[in-house]
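Chain by chain, the residues run as shown.
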Amino acid sequence: MKAASAALLALLAFAQEPGPLQKSLVDLEPKGPWIYGDLAAGFAEAKKTKKPLLVVFR
Amino acid sequence: MGCKEIDGQVARREAQVSDLMDQFVTVRVVFANSMDLSTFQFDTGLTWAVFFLNADKTIYGRYGSRGQANGSLDVSLAGFRKAMEGALELHKGYPGNKSSLAGKKGPSPRVPVPQGYPGMQKFPPVPTPGDKRNNNTCMHCHEVNAGEYKVYRSVKQPIPDNVLWTYPMPDVLGLSLDLNERATLKSVAAGSPAEKDGWKAGDAILTLEGQPIVSIADVQWVLERAKDGAKLKASVDRGGQKQPLTLSLPPGWRRKGDFGWREATWASFRPDMNGEDLKPGERQTMKLSDTATGFRVSYVGPGARGLQRDDVVVEVDGQRSGITNFSLFLAHVAQKRMPGDKISLTVLRGGQEQKLQLTAR
Chain A
1 MKAASAALLA LLAFAQEPGP LQKSLVDLEP KGPWIYGDLA AGFAEAKKTK KPLLVVFR
Chain B
1 MGCKEIDGQV ARREAQVSDL MDQFVTVRVV FANSMDLSTF QFDTGLTWAV FFLNADKTIY
61 GRYGSRGQAN GSLDVSLAGF RKAMEGALEL HKGYPGNKSS LAGKKGPSPR VPVPQGYPGM
121 QKFPPVPTPG DKRNNNTCMH CHEVNAGEYK VYRSVKQPIP DNVLWTYPMP DVLGLSLDLN
181 ERATLKSVAA GSPAEKDGWK AGDAILTLEG QPIVSIADVQ WVLERAKDGA KLKASVDRGG
241 QKQPLTLSLP PGWRRKGDFG WREATWASFR PDMNGEDLKP GERQTMKLSD TATGFRVSYV
301 GPGARGLQRD DVVVEVDGQR SGITNFSLFL AHVAQKRMPG DKISLTVLRG GQEQKLQLTA
361 R
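One line per chain: the protein sequences are A and B, in this order.
Position one of the first sequence corresponds to residue 1 (this note's numbering), numbered consecutively onward.
Position one of the second sequence corresponds to residue 1 (this note's numbering), numbered consecutively onward.
Treat the hints with care, as some may be off.
Below, simulated DSS-like cross-link-like pairs (lysine-lysine); rule was C-alpha separation at most 25 Å, straight line [as the list claims (entries may be wrong)]:
| no. | chain 1 | residue 1 | chain 2 | residue 2 |
| --- | --- | --- | --- | --- |
| 1 | A | K48 | B | K98 |
| 2 | A | K48 | B | K233 |
| 3 | B | K105 | B | K233 |
| 4 | B | K233 | A | K50 |
| 5 | A | K50 | B | K98 |
| 6 | A | K51 | B | K57 |
| 7 | A | K51 | B | K279 |
Now the stretches of chain A that chain B is said to cover, found in silico as 3 or more residues with beta-carbon under 8 Å [claimed, not checked]:
| no. | segment |
| --- | --- |
| 8 | 29 to 38 |
| 9 | 50 to 57 |
Just so you know, the hints here were simulated from the structure itself, not pulled from any lab data.
Every residue, glycine too, gets a C-beta built ideally from N, C-alpha and C.
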């Protein structure tokens, strides 16, 4: 359980790092566990966590 | 003006919404390149739109609405919170409620991805890293909206009403919804179809055509797919009691809306100009009846030489009646004037009528 939580935290920390696309688009910096520009990763995460998805198109 | 404020509030997960947002997997998408138009069918004229979905792509609801020039007036953080509550309730009841959600996904789209629209093949699957947002590789949602126009314009066919007045706001039927609720009536316009059908202020729409409603955008989704003459079935909460209602859609109901705010019109058929409704009392002063053609020119670009700001257009291609606002003028151009055609206008300038011509794009 602890290992799974640590893996999730690592994933979220990764997701918070602004990638080259976010930087180059001069987009604002979202806070918290956002998945940036990767819908497939979002669906995979929703399947794994059994959470619903909230997708913002901006 | 767009939706920068609410976009920032949600992106920052402000305290008013963070507890509910944490119950979702949150994804931010800032380009429309290769968007799956089969799953993500929404008003692409919006600058900010939200989907609530299950991992299996079943749609719980949509959030994000716009029916006027100021894009921030039809959304609120409180309304967004209410929509999230609704989506989470639906997720809790899933898959038992799956059949009621089937209508939230539309039929197969015209093209599977935006690159299928005329003139949009140039966009790569994703924007090229290192480029800026307003470059040639980052597709904006409004360009998808323009793609729909180009399907018709590129073959010199009239753009139909349901494409021009797309995703109608409930106001066109007399339903003014409270921005801070899911879909609760703030007021019902006197003499409107909704009033005639017995709708009352305070009614909270629970379902429309059997679909659970979590937002104004969900109401728009149902309206978008409805035909003239339809009688939509609704269930509302009125004073704590469930009550069935119908919502009648009279012929031409969409035409009461405003689509002059749509960025996509600039990239397709709009002459290089903007317009606005005449203010109350102005028609009387100018001796124009309520049905007389008339709108004010509020902006003129280089492509509309001859026009001047504050000109009042009183005749379009010989029509002195019927074109009572700027959206109806744009519809005239989109449906009756093909690229290269002349558009004849008579304008009131300094109390005198002047005739001029524009060339349709």
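Cross-check of the supplied hints:
Between A/K48 and B/K98 the CA atoms are separated by roughly 20 Å; this keeps the pair inside 25 Å, and the hint holds. Distance check on the hinted pair: A/K48 and B/K233 sit about 37 Å apart at the alpha-carbon level, beyond 25 Å; violated. Proximity of B/K105 to B/K233 is assessed by CA-CA distance (about 18 Å); at most 25 Å being required, the pair is judged to hold. Of the supplied pair hints, the one linking B/K233 and A/K50 is violated, its CA atoms being roughly 32 Å apart against a limit of 25 Å.
At roughly 16 Å between alpha-carbon atoms, A/K50 and B/K98 fall within 25 Å of each other, so this suggested pair holds. Of the pairs offered as hints, the one joining A/K51 and B/K57 holds, with about 12 Å between alpha carbons and a cut-off of 25 Å not exceeded. Between the alpha carbons of A/K51 and B/K279 the distance comes to roughly 49 Å, so the proposed pair goes past 25 Å and is violated. As drawn, the segment 29 to 38 of chain A meets chain B at 10 residues by the rule of a beta-carbon pair under 8 Å; at three or more, the given contact holds.
Against chain B, the segment 50 to 57 of chain A contributes 8 residues with a C-beta closer than 8 Å to a partner C-beta. That satisfies the three-residue criterion, and the hint holds.
In this structure, the hints that do not hold are numbers 2, 4 and 7, in rising order.
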